[in-house]
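Protein sequences, first through last, are from chains A and B. As numbered in UniProt numbering, residues 1 to 302 make up the first sequence, in order. As numbered in UniProt numbering, residues 1 to 302 make up the second sequence, in order.
Fair warning: there could be bad hints in the mix.
For identical chains, the list gives no copy identity; a pair is met inside one copy or between any two copies.
In silico lysine to any residue, SDA-like type, Cα no more than 20 angstroms apart, as pairs [claimed, not checked]: (1) LYS241 - ASP205; (2) LYS169 - PRO301; (3) LYS169 - ASP302; (4) LYS241 - THR199; (5) LYS169 - GLN283; (6) LYS23 - ALA45; (7) LYS241 - THR252; (8) LYS241 - ALA261; (9) LYS169 - GLU46; (10) LYS241 - LEU203; (11) LYS241 - ASP272; (12) LYS23 - ALA132; (13) LYS169 - SER209; (14) LYS169 - THR207; (15) LYS169 - GLN208; (16) LYS241 - GLY77.
Hints are computed from structural coordinates only; laboratory data are not their basis.
Protein chains: 2
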Amino acid sequence: MTITRVAIIGLGLLGGSIGLAVKARDLAIATTGWDRDPSVRERAAERGLVGTVCERAEDAVTNADLVILCVPVGAMGDAARAIAPGLAPHAIISDVGSSKEAVASALAEALPGACIIPAHPVAGTEQSGPDAGFATLFAGRWCIITPPDGVDPAALEALSDFWTALGSKVELMDAAHHDLVLAVTSHIPHLIAYTIVGTASDLEDVTQSEVIKYSAGGFRDFTRIAASDPVMWRDVFLTNKGAVLEMLGRFTEDLTAMQRAIRSGDGDALFDLFTRTRAIRRQVIEQGQDDERPDFGRQHPD
Amino acid sequence: MTITRVAIIGLGLLGGSIGLAVKARDLAIATTGWDRDPSVRERAAERGLVGTVCERAEDAVTNADLVILCVPVGAMGDAARAIAPGLAPHAIISDVGSSKEAVASALAEALPGACIIPAHPVAGTEQSGPDAGFATLFAGRWCIITPPDGVDPAALEALSDFWTALGSKVELMDAAHHDLVLAVTSHIPHLIAYTIVGTASDLEDVTQSEVIKYSAGGFRDFTRIAASDPVMWRDVFLTNKGAVLEMLGRFTEDLTAMQRAIRSGDGDALFDLFTRTRAIRRQVIEQGQDDERPDFGRQHPD
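Pulled out of the complex, with its shape left as it was, chain A reads as follows (with noise of 0.2 angstroms):
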């Protein structure tokens, strides 16, 4: 089958940039798109996130042969009952959401018997809206297709074409691997990120100001993935409990090892894991995943 009309429901940064993606390379492929709040519809129409905004989600959906959800997870179920309506009976429904299993069960039941392959394209930044969309966002990064038992191969085929067709490398995996990996790549240092700086924004011997100045020491790192969007978070770490729990369990092992090794002294065992580490930052700048550039290529002006 071939994807000649896609819809794409949420304009935020993801819908966005698919929408982008597909004019900036120039696919033959018509884009629509709706968003449940209207000054995103207003603002995606503006900046020309999709070929056509349209008012409500089952008209957007109209002939459509894919349909992208890009909604936090926990609305899954809800964007999916809100384009049933409209969707034409060979349409696929894909996604973009972070935990995979969850928005599997939450698809199959508000779309009994539609074509549903779930996706998750490895990419984004901290910033969320109709505005933080752009057409390279997927160049070169990975998308992790989830495909249940029992699909429609050429279906699977099409999403996969689609998905390369915007610049990206396809995985196939299985659900539930996929929710184990994203805990420790994503799910976790999201976790953690939040988590530190919430720790340093509440302490009593430090101020928030003094946080916020020397923060340049590694911190800073650490606020701009703690800067994410709020309502997507929340909805990933409640819709990929076991994983994130298990993944949580195994980081918290190491650190009381490391507090150990602080406390006693024990210098062969931090170094032995600060040099290992080195190895892995070489690997993924190798692979391609991040810029090469020191401190991510960030400006030092004069």
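Got chain A sorted already, so can you dock chain B onto it with the hints?
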């Protein structure tokens, strides 16, 4: 007093950047330098990090008005003993270390009677060595000076003026308070980053290859910090044990609260924290302590 000659002991990221900044800003200051490692001395001379690279520490400090020790905090005592024979009686001895109580003690013990004024420019990148330095590293960043009781006011003013001339903003602070503030804004963030990168690379059910491929979900930010110099960071944790353990205790309490919120499905607790932390990011940017561009200005090539 006027500083016309500065000796830099240790020619890595920090030492090299000081030398380059003095040159780039056309300050009327001669620079000399020494490093324990002959290959670093050679590379420092090639890059022109200082005016004169000396073969012996005591020669580098001859006639210097200011000596800055740019070595790991655990090596400060040795470095101080190495320069002792060559020091001019009026020389100010300072440093760039990340823990200040321990450095103050080590220097006082190694150089009794000397004019010692510890300092800490809160600036750096994940890179180290003689190729890592650049002239604008300190521009717009804070330099915390922790003068001991009874410091010579003229010497303190001269050191403060020197850092201001490099583009830094100077703040005076008690050494113990510095160590507490930096524990939360720098040391704990590094410890957490090192630990999560270690945790992720040790898992059995998620491969290291998967961790690297999908690192753009947040993990890659932590790999940058976890690529920092292992010796430097080992020494920081060994010399700022008390403050680090106290702040680590606060962090793990808060993380446990988040764990409980996730386990019990308390979305409001998660949402509240995730909303509060956004404000901190805004202030970090407003105060010029981070790049305002999304994703730190990382490149997103097509």
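Evaluated hints:
Taking CA atoms no more than 20 angstroms apart as the test, LYS241 paired with ASP205 passes between copies only; the shortest distance there is 17 angstroms, against 34 angstroms inside one copy. In the homo-oligomer, the alpha carbons of LYS169 and PRO301 lie at most 20 angstroms apart only across protomers (14 angstroms), although the nearest pairing inside one protomer, at 35 angstroms, exceeds that limit. For the identical chains of this complex, LYS169 and ASP302 are inter-copy neighbours only, at 13 angstroms across copies versus 38 angstroms inside a copy, given an alpha-carbon limit of 20 angstroms. For the homomeric pair LYS241 and THR199, the shortest alpha-carbon distance between copies (19 angstroms) is at most 20 angstroms, but the shortest distance inside one copy (22 angstroms) is not.
Proximity of LYS169 and GLN283 under a CA criterion of 20 angstroms is satisfied intra-copy only: 17 angstroms inside one chain copy versus 36 angstroms between copies. Taking the closest pair of Cα atoms, LYS23 and ALA45 come within 20 angstroms of each other only inside a single copy of the chain (14 angstroms); across copies the shortest separation is 52 angstroms, beyond that limit. In this assembly of identical chains, LYS241 and THR252 lie within 20 angstroms of each other by CA distance both inside one copy and across copies; the values are 16 angstroms within and 19 angstroms between. With identical chains, the CA atoms of LYS241 and ALA261 are at most 20 angstroms apart between copies only, with a shortest distance of 10 angstroms across copies and 30 angstroms within one.
For the identical chains of this complex, LYS169 and GLU46 are neighbours neither inside a copy (30 angstroms) nor across copies (42 angstroms), given an alpha-carbon limit of 20 angstroms. Only between protomers do LYS241 and LEU203 lie at most 20 angstroms apart by alpha-carbon distance; the minimum there is 18 angstroms, versus 28 angstroms within a single protomer. In this homomeric assembly, LYS241 and ASP272 come within 20 angstroms of each other (Cα to Cα) only across copies, at 18 angstroms, whereas the closest approach inside a single copy is 32 angstroms. Taking identical chains as interchangeable, the C-alpha atoms of LYS23 and ALA132 lie at most 20 angstroms apart only when both belong to the same chain, with a minimum of 16 angstroms there against 41 angstroms between chains.
Proximity of LYS169 and SER209 under a CA criterion of 20 angstroms is satisfied inter-copy only: 15 angstroms between copies versus 43 angstroms inside one chain copy. In this assembly of identical chains, the alpha carbons of LYS169 and THR207 lie at most 20 angstroms apart only when taken from different copies (18 angstroms versus 45 angstroms within one copy). For a Cα distance limit of 20 angstroms, the shortest separation of LYS169 from GLN208 across copies, 18 angstroms, qualifies, whereas the shortest one inside one copy, 42 angstroms, does not. In the homo-oligomer, the alpha carbons of LYS241 and GLY77 lie at most 20 angstroms apart inside one protomer (18 angstroms), although the nearest pairing across protomers, at 49 angstroms, exceeds that limit.
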